[in-house]
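A.B. asks: Sequence:
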Amino acid sequence: MSARLPDDLPADLRNLVAVSGLLRSLDYEEVLRAAVRSVLEIVRADRGFLFHMTAAGALHVRVGMTASGETLPATETPDISRTVVRRATEERRCIYLPDASQGDVPEAAGSVARLRIGAVLSLPIVSPRDPDRVIAVVYLDSAEPGRPLDAHRLALLQVLANLAGAALDNARLHADTVRENDRLASTLQGRGLLVGESDPMKTLFESVRRVAGSSASVLICGETGTGKESVARLLHDLSDRRTGPYVVVDCTTLPRELVESELFGHEKGAFTGAADTRVGLVESAQGGTLLLDEITELPAEAQAKLLRFLQEGELRRVGGREPRRVDVRVVAATNRDVAAEAAAGRFRNDLYFRLRVVTLRIPPLRERGRDVLRLAAAFLDRDARTENRRFRGFSPDATAALQAHDWPGNVRDLEHRIRRAVLFAAGEEITAADLELAPAAVGAPP
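Everything in the sequence shown is counted per the working numbering, starting at 1 for the first residue and increasing by one.
Calculated directly from the structure, the hints in this document are not laboratory data. Any given hint could be a false lead.
Stated by the list, open to error - Quick list of simulated restraints, FRET-style, between CB atoms:
hint: 1; residue 1: GLY319; residue 2: ASP79; range: 29 to 37 Å
hint: 2; residue 1: ASN388; residue 2: ALA344; range: 46 to 54 Å
hint: 3; residue 1: PRO200; residue 2: LEU26; range: 35 to 43 Å
hint: 4; residue 1: ARG321; residue 2: HIS60; range: 15 to 23 Å
hint: 5; residue 1: ALA377; residue 2: LEU238; range: 20 to 28 Å
hint: 6; residue 1: GLY69; residue 2: ARG389; range: 48 to 56 Å
hint: 7; residue 1: ALA340; residue 2: ARG24; range: 52 to 60 Å
Backbone N, C-alpha and C fix where the C-beta goes; we use that ideal spot for every residue, glycine too.
All chains should be built: construct the whole structure from the sequences, respecting the hints.
C.D. replies: Given below as structure tokens:
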């Protein structure tokens with residue numbers, strides 16, 4: 001039980017109490033907003049932003065607000081003095097210029113004058129578990145010069161930053177735990193495509209483990225139904241980007257005349273019908289992973305723009321002039337022979353070379369030996385639980401048929417056959433007939 005705060009409690013102490021209370025909060029966004037609000041009240045600036053530091057070291061705006069509490073758009077890159085933010089991040093200390101035109105950061109003079117900034121402050125928030133790692137940065141500015149901050153208020157800001165760092169770490173750890181639990185549940189319930197103990201799958205799993213922590217682009221190749229999207233999702237979930245967005249783009253469904261706008265966004269008025277500015281799918285994956293499924297279906301113009309993005313880490317929206325830096329890991333997937341597509345001139349050689357640095361090949365089910373029985377058992381257990389049915393397992397003829405079938409539709413076909421059998425099987429065992437598979441020939445190899 002907490003006592004009610006006295007009405008005459010100084011505002012500084014009230015801010016400390018409010019931020020310290022966030023140590024109990026597990027809401028990451030609530031902590032971010034409270035940190036900006038508290039610093040705004042202490043410094044009395046016009047507006048404030050909080051930047052989240054991604055795993056790759058890029059700063060991405062997460063919260064924006066005015067002194068009155070009005071929310072500012074956090075999806076757009078704000079006009080700020082990035083020099084001051086960079087200096088505070090590099091030196092891991094508070095940078096405050098009450099009169100920005102006379103400040104001791106001469107390299108910021110250009111942006112200060114251009115944006116007509118009177119006062120500016122940037123406060124780094126570091127992780128209490130790793131004091132050398134900046135996890136967020138608060139940025140404030142005002143149109144008019146501000147008041148100098150005495151040692152008391154500077155110390156107060158540092159205390160607030162320390163409390164916010166601990167609260168953000170707590171919230172992040174909680175979010176990681178929730179996501180990890182969700183990932184494990186998904187692995188058990190929806191990742192049957194990745195069940196396997198065959199040598200080809202062991203090789204695949206080891207490759208995924210090795211490259212998951214890298215920022216390198218990945219090309220996933222495999223026949224239809226082998227589980228390319230499941231492997232892409234596993235790469236994301238095992239990476240440092242797992243708390244960021246995971247965006248899937250089916251390149252076969254992108255309207256050809258709008259593919260660049262869909263992927264890279266557009267500015268208002270860029271073309272007929274562009275009534276508003278739109279963030280593209282690439283930019284929407286900021287801080288996370290972008291899966292480009294069936295990458296070979298991209299038209300040539302989009303391939304060229306994607307190549308430039310992979311090389312520079314920047315994009316320009318359709319109709320835009322300024323490059324926008326986007327921190328995204330690109331994973332591409334295809335069921336085609338990309339080398340053959342490139343040789344035939346249907347896919348850019350330079351894009352292929354850029355993507356193939358890390359290539360993961362998913363083996364077809366016919367090359368996975370007894371994995372077919374392990375997968376079948378996993379699907380049967382999952383679907384029987386979902387439908388509240390009980391089965392002893394597979395009959396001998398079903399087991400033989402499962403092993404003898406060539407599986408041109410791969411794991412997806414197996415999954416669908418098990419699902420249908422669970423719904424319609426009349427007996428306590430799943431038979432070859434339930435699976436709509438021909439009985440294996442007598443003497444056929446297992």
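A.B. asks: A separate judgement is required for each hint: does it hold in the structure or not?
C.D. replies: Results for each hint:
{"no.": "1", "hint": "GLY319 x ASP79: 29 to 37 Å", "result": "violated, 19 Å"}
{"no.": "2", "hint": "ASN388 x ALA344: 46 to 54 Å", "result": "holds, 51 Å"}
{"no.": "3", "hint": "PRO200 x LEU26: 35 to 43 Å", "result": "holds, 41 Å"}
{"no.": "4", "hint": "ARG321 x HIS60: 15 to 23 Å", "result": "holds, 21 Å"}
{"no.": "5", "hint": "ALA377 x LEU238: 20 to 28 Å", "result": "holds, 25 Å"}
{"no.": "6", "hint": "GLY69 x ARG389: 48 to 56 Å", "result": "holds, 55 Å"}
{"no.": "7", "hint": "ALA340 x ARG24: 52 to 60 Å", "result": "holds, 58 Å"}
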